[in-house]
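Chemist: Sequence:
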Amino acid sequence: MTTHYDPPTTGHGAAADWGPPPTAPPRGPQAGEPRQPFVRRLWRGRPEDPRWVRPALLGLLATTLVLYVYNLSASGYANSFYSAAVQAGSRSWKAFFFGSLDAGNAITVDKPPASLWPMELSVRVFGLDSWAILAPEVLMGVATVAVVYAAVRRRFSPVAGLTAGAVLALTPVAALMFRFNNPDAMLALLMSVACYLVVRGLEDGRTKWLVWAGVAIGFAFLAKTLQAFLILPALAVVYAVCAPVPLRKRFGQLAAATLALVVSGGWWVAVVELWPASSRPYIGGSQNNSFLELTFGYNGLGRLNGEETGSVGGGGGGAGGSGMWGETGWDRMFNSEIGGQISWLLPAALILLVAGLVATRKARRTSVTRASFLVWGGSLLMTTVVFSYMAGIFHQYYTVALAPYLAAVVGMGAGLLWERRRQPWASIALAASVVAAAAWGYVLLNRTPDYLPWLKWLVLVGGLTAALGLVFAGRISRRLALGAAAVGLVAALAGPTAYTLSTLQEGHTGSIVTAGPAGASVMGGRGGGPGGGMRGGFGGGMPGGQGQRNQQGQQGNGFPGGGFGGGTPTQPGQQGQRNGNGFGFPGGRTGEGGMGGAGGVGGLLNGASVSSEAEKLLAEDASKYTWVAASVGSQNAAGYQLATGDPVMAIGGFNGTDPSPTPAQFKKYVEEGRIHYFIAGGGMGGGGNGGTASQISSWVQSTFKKVTVGSATFYDLTRKASD
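Residue numbers (our numbering): 871 to 1593.
Hints are supplied without guarantee of correctness; some may be wrong.
Restraint-style ranges between C-beta atoms, simulated for each label pair [said to hold, decoys possible]: (1) E1483 with T1588: 16 to 26 Å; (2) E1541 with A932: 55 to 65 Å; (3) D999 with E1541: 34 to 44 Å; (4) L1174 with T1588: 41 to 51 Å; (5) D999 with P1116: 53 to 63 Å; (6) P925 with S1581: 56 to 66 Å; (7) T1335 with W1200: 30 to 40 Å; (8) L1174 with G1136: 13 to 23 Å; (9) L1174 with V1224: 23 to 33 Å; (10) P1319 with V1141: 49 to 59 Å; (11) V1256 with E1541: 43 to 53 Å.
Think of the hints as simulated: they come from the structure by calculation, not from any bench.
Ideal Cβ positions, reconstructed from N, Cα and C, are used throughout, including at glycine.
Let the sequences and hints guide you as you build the complete structure.
Modeler: Structure (structure tokens):
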């Protein structure tokens, strides 16, 4: 088979400034050539590259690593929900396999366990602390930057690859989620790997690349279920149309990739579904103890249409709809809830994507340059459209999935237009992308007028000045053109860089976190909603509701354990704090997004704050019990489990609405002496007065002896109230 590659795209100064795109894969050692030492090859990189290329890449990766590990421990256990599962998996291999929230294996988290496995292995080696939990996420972030660089550099130029890597590293939501323990870091890495592998397959038509892409997406499914499939239509269509092999073989390769996806993602599902339900933990988030029901319901179609059984509420439900999770519509990625997280360079990326497709419109069907735009650009568009219109649960940090696609499109588009800058349309398109980035950066910065007020003007003026120079980039000296390009890049990245530095200087805890300075992401609509909006969590109450914090730790606004609001602990036993400025960027804060009142009660968004007296109480005879305590809601249970190191049963799962355990099962556990205490208060509370959690709570309170430790209330399940 003859492999076809695009001819080099050259222009004035292309080789000197950017380096020509490769006409073949990187050359390995030839027969008879001595093999260079590994360290030398690592530092030198490709033989055909200028000597500065590999050191620049290593510098980018090292800088990303340093930035992402800075102040890492400020987030403590980050999302206590997942940290408790990590703690459980580091103690029990059964909990490790199933993704159980506790080592007693009562219930799992509401996701597959793959994203937990690296953290659990780290904790097994280094012990339970913030670094052991979050360092694997940082490494995934650095790896994602490397993958995006490699994908862009392979077809375009070193500077294009470095630009793409820098854009990704400095995207605020990326800096947030590659330092946080939600599943999104692994998802972003694996989806980037899948796109890279598909482009490799489009280069030479070899089946192995497509099969490995299927494996990557299959494991991404084990990180965050059906979100991994959002880009499948784009990848499949591009390969089916553009691959350099006969049509019949293309479909055979796609079938092989599909099989690889099913095997790599389905083996765990098959084991769980075939495992006797009586000897495995309950599948958290499901209503009938089925992972398939969880996948296609609460974590699948329910996210799209808002019909999420067991959820805390639906969404807007259509274009322009407004609901608990914000407004839907074509401009959702740009509104006040989302814009500052991801959209800084989104207008520029869309311009560059169109320009890249126009530039390659006359290329042969098998053009890898055009196919690269279609793979990364198609993934960007597919994910953006789904996020914009999904009516179910949607959080701002989900948009980290867009960051690798956006970064790759920016790098590829800027590189290609720079090479063709002597053509008037290309220089104008390049200038237009800089104007779009500067103008939109001004708008986003203007939404937080007290945050570095001078920066928005620097971005706008710098961007417009650079754009003027880029319009004439093909007719002015190379030095002036490079200067204009450098000013344009600085202007485009200044806003997201500032937001990223503000993100790095502070800790983030809870289930709903956002990047940037305080006030940068207001939940509840384009201008903020009733109840004060949201910042990193239900800071001012549920959108459209009062949501005041109940300082007595009693039921408020329908949420046991207190209303939404206030700070949350970064570690058990600590109160969340708002910190001062760091890096000179105002607006920092820690302990965001918690729910809970006093008395050590946690809630929906973060774990409980546990006193030393409560820890001492639960430690008594802990080895005699499978669970030292039980509590409604996973977050409340997580706080106590992380504080004590012993299993705590989460009644009702994350929301307190899962029918697990049933009242009969719970009574049996108590009769068998497997649970010591019941913790009063807790999470959502079982979906109403007739819910499982409510029934259990009522039975406990009427049957067993109440024990008060400080402001926290427990019920001793080994002592009747009449004793």
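Chemist: Now look at each hint and say whether the structure bears it out.
Modeler: Checked hints:
A hinted range of 16 to 26 Å holds for the C-beta pair E1483 and T1588, which are about 19 Å apart. E1541 and A932 have their C-beta atoms about 58 Å apart, which keeps the hinted 55 to 65 Å range intact. For D999 and E1541, the hinted distance range of 34 to 44 Å is satisfied, since their beta carbons lie about 37 Å from each other. For the hinted restraint 41 to 51 Å between L1174 and T1588, the CB-CB distance of approximately 47 Å keeps it satisfied.
Between D999 and P1116 the Cβ separation comes to about 55 Å, which falls inside the hinted range of 53 to 63 Å. The hinted window of 56 to 66 Å between P925 and S1581 holds, with their beta carbons roughly 57 Å apart. The beta-carbon spacing between T1335 and W1200, approximately 31 Å, falls within the hinted interval of 30 to 40 Å. Distance hint for L1174 and G1136: a CB-CB separation of about 22 Å, consistent with the stated range 13 to 23 Å.
Hint check: L1174 to V1224, Cβ distance near 27 Å, so the stated range 23 to 33 Å holds. As the Cβ distance of P1319 to V1141 is approximately 54 Å, the hint placing it in 49 to 59 Å holds. The supplied range of 43 to 53 Å is met by V1256 and E1541, whose beta-carbon atoms lie about 48 Å from each other.
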